[in-house]
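S.K.: Chains as they are written, first to last, in the numbering used here: chain A, 1 to 322; chain B, 323 to 658.
What the hints contain is simulated information worked out from the structure, not anything from laboratory work. Virtual Cβ for every residue (Gly too), placed ideally from N, Cα, C. Worth double-checking, as some hints may not be accurate.
[As the list claims (entries may be wrong)] If you only want the chain B side, here are some residues facing chain A, beta carbon under 8 Å, derived: (1) Arg-409; (2) Gly-414; (3) Phe-420; (4) Asp-422; (5) Leu-443; (6) Arg-597.
[Said to hold, decoys possible] The calculated lysine-lysine pairs, modelled on DSSO-like cross-linking and capped at a C-alpha distance of 27 Å, are: (7) A/Lys-206 <-> B/Lys-653; (8) B/Lys-449 <-> A/Lys-35; (9) A/Lys-206 <-> B/Lys-620; (10) B/Lys-469 <-> A/Lys-35; (11) B/Lys-620 <-> B/Lys-653; (12) B/Lys-410 <-> B/Lys-449; (13) B/Lys-449 <-> B/Lys-469.
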Amino acid sequence: MTDRPRGDDPNSYSALDIEAEGLTVEPITQWQLFKSRFVRHRLAMLAAVVLGVILLLAVFADVLPLQNPTQQLEDEGGRIVNLLSPRGDYWFGTDELGQDVLARVIYGGRTSLTVAVLTGLMVATFGTLVGSIAGYYGGWIDTLLMRFTDLILSLPLLPVAIVAAAWLRETFQGREALSLAVLLGTLLWGTLARIVRAEFLSLREKEFVEAARAAGARDRRIIFRHILPNALSPIIVNATLVIGTAIILEAALSFLGFGVRPPEPAWGQMAANGGRLAVGGSGAWWLVLFPSVALIVTVLSVNFLGDGLRDALDPTQTIERK
Amino acid sequence: MSEPLLQVSNLRTFFSTEEGIVRAVDGLSFTIHKGEKFGVVGESGSGKSVTALSVMRLIEPPAGEIVTGEITFKGEDLLGLKDEEMRKVRGGQIAMIFQDPMTALNPVYTIGNQLIETIMLHQSVGKSAAAEIAIQALDDVHIPNPKVRMEDYPHQLSGGMRQRVMIAMGLSCDPDLLIADEPTTALDVTTQAQILDLMLVLTEERNTAVMLITHDLGVVAGFCDNIQVMYAGRLAERGTTDFIFDDTLHPYTAGLLGSMTRLDEVREERLYSIRGAPPSLIDPPNGCRFRSRCDFAKEICTRDTPLPREISEDHWVACHFAPDLDLIRVKGEPVG
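Construct all of the structure, not just a fragment, from the sequences and the given hints.
M.R.: Following this line, the structure appears as structure tokens:
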């Protein structure tokens with residue numbers, strides 16, 4: 001109503017006033033906030049470093065001075081050096097076929113991580129999409145999608161995997177990591193879909209969603225820009241758990257002969273085969289220990305990382321965990 | 323009064339629940355003119371918010387449905403618009419401010435981010451231009467140091483500041499009508515007064531009409547040109563602020579006024595309260611819905627539904643006996 005001269009208003013403090021009082025307030029960007037929180041989360045930082053090293057090893061396996069993981073090594077006399085315990089030449093020993101365990105663990109990481117990450121991505125995409133659409137729209141769409149989810153969740157994993165494995169292997173022409181990821185991704189998204197749906201059911205009633213609608217936002221925008229970021233924590237946690245589960249399931253399927261087939265190495269398969277041998281009386285503990293440690297360390301790191309990400313991504317979270 | 327902006331006629335919005343159909347708004351008509359400050363008053367469940375949501379077409383089927391009625395905004399039939407066209411109206415020409423500023427802002431985005439998004443939805447401007455408009459809008463609602471505050475998350479601001487942000491967001495696209503649904507209920511009394519003053523100044527400057535929904539007659543008194551009192555989904559009384567306060571015609575309005583605390587009189591007896599509770603809106607019986615709580619109810623009130631009548635110019639009331647009731651003993655002497 002009245003002309004208000006800017007800056008002279010007693011109600012408004014300009015940046016100058018604040019500086020005059022000797023106080024400076026630096027705005028913090030979201031990225032800075034995220035970084036500082038994440039760095040302070042020690043376990044997550046450690047997990048990130050460990051995962052980084054494992055990933056680098058898997059990616060750059062070709063340029064590392066390693067043996068060929070599928071080659072049967074021979075000594076000078078032309079005899080195959082099988083079941084050597086860890087020693088100077090072979091840090092992790094050799095397996096029953098005379099293949100270098102160190103090389104196999106590193107190359108196996110490549111396979112296992114590919115399976116796990118692809119599965120995680122597939123689950124995150126499917127689960128989020130199905131869950132958010134079901135939760136947001138409700139009604140018959142919800143019923144339809146959730147009954148389908150129930151169906152997927154009720155499938156017994158191993159029998160289905162066994163039936164599907166042969167067909168998938170043919171479809172993907174020997175790209176076994178991919179075929180396994182598709183299989184696991186298809187079977188594992190149900191839990192996440194349910195979690196996301198539950199989140200959406202409660203978030204869609206929040207006033208900010210109504211406010212967004214009242215401001216003229218489209219459904220798509222409300223789902224993906226307004227609600228989804230608020231449901232990110234459970235999605236991240238579940239996706240990381242799925243990555244861990246995928247590595248372990250790869251082991252189970254490989255043990256049964258439906259996962260990655262030798263000579264192609266994978267952690268689960270190596271641990272499973274090694275276990276059979278070690279129990280069989282050869283005493284070759286190194287065949288079990290190294291792939292298992294790699295598997296456990298990776299799964300744990302992924303879970304810790306997810307924990308840290310969740311805490312750091314939530315702008316309202318003020319408690320810092322050490 | 324200038325030309326009509328929003329005309330609602332015979333609006334019926336029902337919700338279906340397990341117990342039956344809730345007739346939340348049951349045959350309501352009113353008009354808001356350009357630049358008018360229009361107050362909607364009533365207790366919880368009287369259909370105030372549902373009226374607002376119906377105007378915005380935010381009633382979601384299958385739970386709720388606008389059964390009959392016409393809503394005309396600037397000569398355009400809102401109920402006939404396609405979803406896409408309606409989205410342009412929402413936020414662009416009709417903006418809405420919600421009750422609780424704590425939850426009406428998205429916690430994961432900065433306020434700048436949310437302002438810019440709303441602006442870009444309705445105006446064809448680039449991001450940096452939208453940011454300029456956003457900073458200006460924050461400055462207009464007296465947010466100190468708006469450039470810095472743009473980077474803040476909602477939880478970093480106080481309730482009053484957040485409601486200012488909501489007002490800035492509502493007015494950023496220069497709407498013709500601002501619907502404020504209990505905008506000050508969640509705030510403390512001093513902040514409440516500041517926010518109302520601010521809203522009044524800003525909307526007067528822009529000649530924006532306001533539909534102010536509240537259960538607090540004290541809030542509308544200094545703000546509104548006209549007041550509509552609603553009861554159980556229907557009109558009880560409507561008129562200028564002076565009419566409502568001084569020439570009260572409906573027993574319910576009188577009861578509301580009588581139960582207000584006043585600082586300008588010495589009170590020796592208990593504060594008046596309207597006895598009973600509002601009726602269930604599931605299958606309400608015929609007749610006046612207020613009759614069970616009304617001191618003046620007679621047999622006709624059970625039989626016939628009182629229709630809104632215009633007693634004097636622009637003063638409507640839905641009561642069989644208006645204007646012949648002696649309401650002074652209910653509401654007390656008029657203020658000074």
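S.K.: Run every hint past the structure and note whether it holds.
M.R.: Quick rundown of the hints versus the structure:
1. Given the 8 Å rule on beta carbons, the hint for B/Arg-409 holds: about 4 Å separates it from the nearest Cβ of chain A.
2. The criterion of a C-beta within 8 Å of any C-beta in chain A is met by B/Gly-414, whose closest approach is roughly 6 Å, and the hint holds.
3. With its C-beta approaching chain A no nearer than about 5 Å, B/Phe-420 sits inside the 8 Å limit, and its interface hint holds.
4. Look at B/Asp-422: its Cβ gets to within about 6 Å of chain A, closer than 8 Å, so that hint holds up.
5. With 8 Å as the threshold, the beta carbon of B/Leu-443 comes within range of chain A, its nearest partner Cβ sitting at about 5 Å, so the hint holds.
6. Given hint, B/Arg-597 at the interface with chain A, is violated; its Cβ is 33 Å from that chain's nearest Cβ, farther than 8 Å.
7. Proximity of A/Lys-206 to B/Lys-653 is assessed by CA-CA distance (about 38 Å); at most 27 Å being required, the pair is judged violated.
8. Between B/Lys-449 and A/Lys-35 the alpha-carbon distance is near 26 Å, which keeps this suggested pair within the 27 Å criterion.
9. Among the hinted pairs, A/Lys-206 with B/Lys-620 is inconsistent with the structure: their alpha-carbon atoms are about 44 Å apart, more than 27 Å.
10. The straight-line distance between the Cα atoms of B/Lys-469 and A/Lys-35 is roughly 23 Å, inside the 27 Å bound, and the hint therefore holds.
11. For the suggested pair B/Lys-620 and B/Lys-653, the alpha carbons sit about 20 Å apart, so the restraint of at most 27 Å is met.
12. Between B/Lys-410 and B/Lys-449, the direct Cα distance comes to roughly 19 Å. Compliance with the 27 Å bound is thereby established for this hinted pair.
13. Note on B/Lys-449 and B/Lys-469: the hinted pairing holds, with a Cα-Cα distance of about 15 Å set against a maximum of 27 Å.
In summary, the structure is inconsistent with hints 6, 7 and 9 from the numbered list given earlier, while agreeing with the others.
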